[in-house]
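Engineer: Protein chains in written order, with our numbering: chain R, 83 to 366; chain H, 83 to 366; chain C, 83 to 366; chain S, 83 to 366.
Be a bit skeptical, because a hint or two may be false.
Since the list gives no way to pick out one identical chain from another, each pair is judged satisfied if it fits inside one copy or across any two copies.
[Stated by the list, open to error] Below, simulated EDC-like cross-link-like pairs (lysine to aspartate or glutamate); rule was C-alpha separation at most 16 angstroms, straight line:
(1) Lys321 <-> Glu256
(2) Lys321 <-> Asp140
(3) Lys151 <-> Asp327
(4) Lys151 <-> Asp276
(5) Lys152 <-> Asp334
(6) Lys321 <-> Asp276
(7) Lys151 <-> Glu338
(8) Lys151 <-> Asp105
(9) Lys151 <-> Glu110
(10) Lys321 <-> Glu351
(11) Lys321 <-> Glu233
(12) Lys151 <-> Asp334
(13) Lys151 <-> Asp269
(14) Lys321 <-> Asp222
(15) Lys152 <-> Glu338
Simulated from the structure, these hints should not be mistaken for lab results.
Protein chains: 4
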Amino acid sequence: MAIVLGPNRYGKAQTRLVRVVRDGERHELRDLTVDVALAGDLAATHLTGDNANVLPTDTQKNTVYAFAKKHGVASLEEFGLLLGRHFVDSQPAIDHARVTLTEQPWERLGPYSFARHGGETRTAVVTVADGQAFAVAGLDGLVLLNTTASEFHGFAVDAYTTLSPTTDRVLATEVSARWRYASTAVDFDAAFADVRAMLVEGFVSTYSYSLQQTLYAMGQVALSERPEVAEIRLTLPNKHHFLVDLAPFGLDNPGEVFVATDRPYGLIEGTVRRDDAAPAPEAW
Amino acid sequence: MAIVLGPNRYGKAQTRLVRVVRDGERHELRDLTVDVALAGDLAATHLTGDNANVLPTDTQKNTVYAFAKKHGVASLEEFGLLLGRHFVDSQPAIDHARVTLTEQPWERLGPYSFARHGGETRTAVVTVADGQAFAVAGLDGLVLLNTTASEFHGFAVDAYTTLSPTTDRVLATEVSARWRYASTAVDFDAAFADVRAMLVEGFVSTYSYSLQQTLYAMGQVALSERPEVAEIRLTLPNKHHFLVDLAPFGLDNPGEVFVATDRPYGLIEGTVRRDDAAPAPEAW
Amino acid sequence: MAIVLGPNRYGKAQTRLVRVVRDGERHELRDLTVDVALAGDLAATHLTGDNANVLPTDTQKNTVYAFAKKHGVASLEEFGLLLGRHFVDSQPAIDHARVTLTEQPWERLGPYSFARHGGETRTAVVTVADGQAFAVAGLDGLVLLNTTASEFHGFAVDAYTTLSPTTDRVLATEVSARWRYASTAVDFDAAFADVRAMLVEGFVSTYSYSLQQTLYAMGQVALSERPEVAEIRLTLPNKHHFLVDLAPFGLDNPGEVFVATDRPYGLIEGTVRRDDAAPAPEAW
Amino acid sequence: MAIVLGPNRYGKAQTRLVRVVRDGERHELRDLTVDVALAGDLAATHLTGDNANVLPTDTQKNTVYAFAKKHGVASLEEFGLLLGRHFVDSQPAIDHARVTLTEQPWERLGPYSFARHGGETRTAVVTVADGQAFAVAGLDGLVLLNTTASEFHGFAVDAYTTLSPTTDRVLATEVSARWRYASTAVDFDAAFADVRAMLVEGFVSTYSYSLQQTLYAMGQVALSERPEVAEIRLTLPNKHHFLVDLAPFGLDNPGEVFVATDRPYGLIEGTVRRDDAAPAPEAW
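One chain only, chain R, in its complex shape (with noise of 0.2 angstroms):
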């Protein structure tokens, strides 16, 4: 028995770039965080600091930024695929690279200027590796709230459970999604428009019995819209707003008084696919 290297992979991470387009008075602007991850032939700098094969993260930050020159950022999945092969073509000991990519919105206030655009960010992970490239996209901080139309009973009881069943509760969550492309051949910002809005619609359009089923249903009708998802993952938080009780002091609460709670929350994390869908564990 020997103590060996396992996995490895190392990069530069957090690397912020706004990238202004120019058109005459009227500018564009993306806002995007860059990750960079590379894997290949790299137990020499574990083993004995031979950095021979090691191209430093500063320089893959410079490739970044001058990428965005060069190429624009068209969209953030074709822009990591452009990163992500860049790295593998060019750096002999790479064989794998992952380049992961956060937009923070912009709205549009005038010809130069712009004001964020809330808390949601559009995300993307592109894996180049093996001759293979995939993309999955995904979004984070999108938060969704139902007053009504929720329900939760009928479920399993045991010594420890004190929780009364509701046929009129809150439903809210904080929606991350991860969906990832059968092809890189995908008009990426469209798709992503879509998707966003289909998760949207599952959410609001869903008379719910459990978060469960919402997720399935945000699930479905994003597969639906899109052919070209072959699969999307979602992480729901169950955002408690529990019914204050105004009993002691005479008052009935109707459903109209909720205190919102941090934690502890119930999380509801689930996968729906097409069933002809080749697994893909190297893209996640």
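Once you have looked at the hints, place chains H, C and S on chain R.
Structural biologist: Showing chains H, C and S alone in chain R's frame:
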């Protein structure tokens, strides 16, 4: 020389309140976080642990919820005034109440469906003391950016100055604003909407030679629009976006590729006020 | 009635400085974050964008680094005084400087090896204005907890009170303290260590009937120990630990199983001072 | 082709538990945050909202508290194993349980007094499935720094490389570690203490030519010390400390004045393992 008790106050902080109004199938939603701080004849609890004058902070929290049911939340300021007056009027030992309210905005998706609207929050600070009441409104987290129309030059230079003057830079800030109303007889929701719009307008429409100049312009236009506002205090971090030097890669960079930095940052703070408005330090 | 400029200031915030002293193989380390804020004759930049009186915040940052090399960091307060006096003395337009310093402590692991020591930070606020200088020391993030020796009863009761009195509870808080020295001729590092030790001692040794009583005891013992301290301001959130009701599961819970809650929380704020110390509002 | 449900799980996240043991006047304290995630026959709730197989997350929370009273918290791993086995054994529909525990350490100040001990946390992930049980221990937030004994040169260079080689730099990182035990028959608290000590020892005693080399050394020494550990995964951000260029001010800077940067940062991730240890992907 003796050691004595100085100014003090206590209260419940961060009470989370979601108030739903159900008007048939169409629901309304307000999402608030409320801080209460009370002062008065509180020496005994400090000096001897005698709590006869201490209304528990738990009771203050209960009061927030009960008042939300009984009175609703007409506006942050009116709800805060109700609470502040209640504590001062009903507790003989309490002569000073401050209620701080923060609202997380939601946008409507359907009759009973909502999405959280970004990272921006609306605030109000209400002070009730000595038969007077003050209302200070505000907002946090409004992030604004101009990709041009900003210069910075002609500044003081000393032995530690290395900054180059510029005639074209990105100007970005995250606005924190607090404005004091001259009275409490205000249409608070309408005034908030107007002041917010004018702050945005002031930022967007000012060709800027310094962030200080933009600050003053924002305050000036807000006060011009709303005569109820006696003074406004603005805190504007200068969220630096630095041009990336791409010359080592044989690329120019005419205002296209920027690194957005977190810290350090410039911090510009200033007040714009009416010269005939009496100061009201007790309101802040 | 006209709209005019009121109080204002500007500076560089969050300059991160790590200062190493190399005394042969044994190294010393201080890790600071420095905020500078300057005020004076700054109307022109606000009103017209004329920056002749504006020393760039970039220059302020450079000065922090250059002074760290030239003078070292004897203590937070002394380094802040050097910086504050420099800006007021060297810039004709500047008559007021405030330097806020936060230190992240490290513990020694070896001659040149260190580990970050927890979430607690030491702070100092130095003000130089009108030929005077003030130093306010402090700390944040000192989290203390007693599992017993805390009661709370005999409090005021009204129609919204549901809290039960208790003779045995967990008392926990995260101490934020700021204390003003009567002069700037102080052994600041020694005084800091003593005041911190006394705050801990006051918390641990007080049998408490209210967090207010504990606050006063903490301040009282700190002032008794260090005559240089004119006043101390304490902000003590009551980090509630509630007994979990295990009766539904046939279990009692004699002070053994608690839920630690984040919010809401009680917030206790108070000053303990010497009765013969002149107030110095400009120091805060 | 049809749309179908894929892998899924649910549970209660972030249950805050403080467990006090009262042995006469001397009290012990453990402060945990517990996440439970369950999987099994959960298709019905997703597809139809039939919750018959869903043990409420509220019940899971209650179980954490009740078990803390009944069984105490011998170690994170043993408490997690008790919980995981309970859910799998008692719920016919559940065949997979994962319990994630995070401990915030406290240091003793007195018989019943404690201070929170820094930003570092201990973690454990316990998985119970298919008659097997796995334990993965870990820690987060261990920030280490060497002011010298670190070089970086001999790296790959391409058209985007501008980094200069160095023979003396600050090396700093915030260690996140996870290690898998080969069995669940381990003295978990003792093993944790030893592994943590070895990680620190590996960082301090390695003269480093790359952070990868330091990573491998840390893992190698930890595995050498504790034969129960089958593999260890380390995530090491390279917290860059850059020398400040003081030449414009006529000052040299021989390793004395640094700017600590937040982002971007290098991110080094790697596994060190025994070559005869069977992989256990289901444990992670």
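Engineer: Hint by hint, note whether the structure agrees.
Structural biologist: Comparing the hints with the structure gives:
1. Lys321 <-> Glu256: within (8 angstroms within a copy, 26 angstroms between copies)
2. Lys321 <-> Asp140: between (40 angstroms within a copy, 13 angstroms between copies)
3. Lys151 <-> Asp327: So Lys151 and Asp327 pass the 16 angstroms test across copies only (11 angstroms; inside, 59 angstroms).
4. Lys151 <-> Asp276: neither (29 angstroms within a copy, 39 angstroms between copies)
5. Lys152 <-> Asp334: The answer is between: 10 angstroms across copies meets 16 angstroms, while 64 angstroms in one copy does not.
6. Lys321 <-> Asp276: neither (25 angstroms within a copy, 32 angstroms between copies)
7. Lys151 <-> Glu338: between (53 angstroms within a copy, 7 angstroms between copies)
8. Lys151 <-> Asp105: Close inside one copy (15 angstroms), not across copies (46 angstroms); limit 16 angstroms.
9. Lys151 <-> Glu110: within (14 angstroms within a copy, 43 angstroms between copies)
10. Lys321 <-> Glu351: Within one copy, since 14 angstroms is at most 16 angstroms while 31 angstroms is not.
11. Lys321 <-> Glu233: within (15 angstroms within a copy, 34 angstroms between copies)
12. Lys151 <-> Asp334: For Lys151 and Asp334, the Cα distance is within 16 angstroms only across copies (9 angstroms; inside one copy 62 angstroms).
13. Lys151 <-> Asp269: neither (22 angstroms within a copy, 49 angstroms between copies)
14. Lys321 <-> Asp222: Within one copy only: 15 angstroms inside, 23 angstroms across.
15. Lys152 <-> Glu338: between (55 angstroms within a copy, 11 angstroms between copies)
Hint compliance for this structure: hints 4, 6, 13 are broken, all remaining hints hold.
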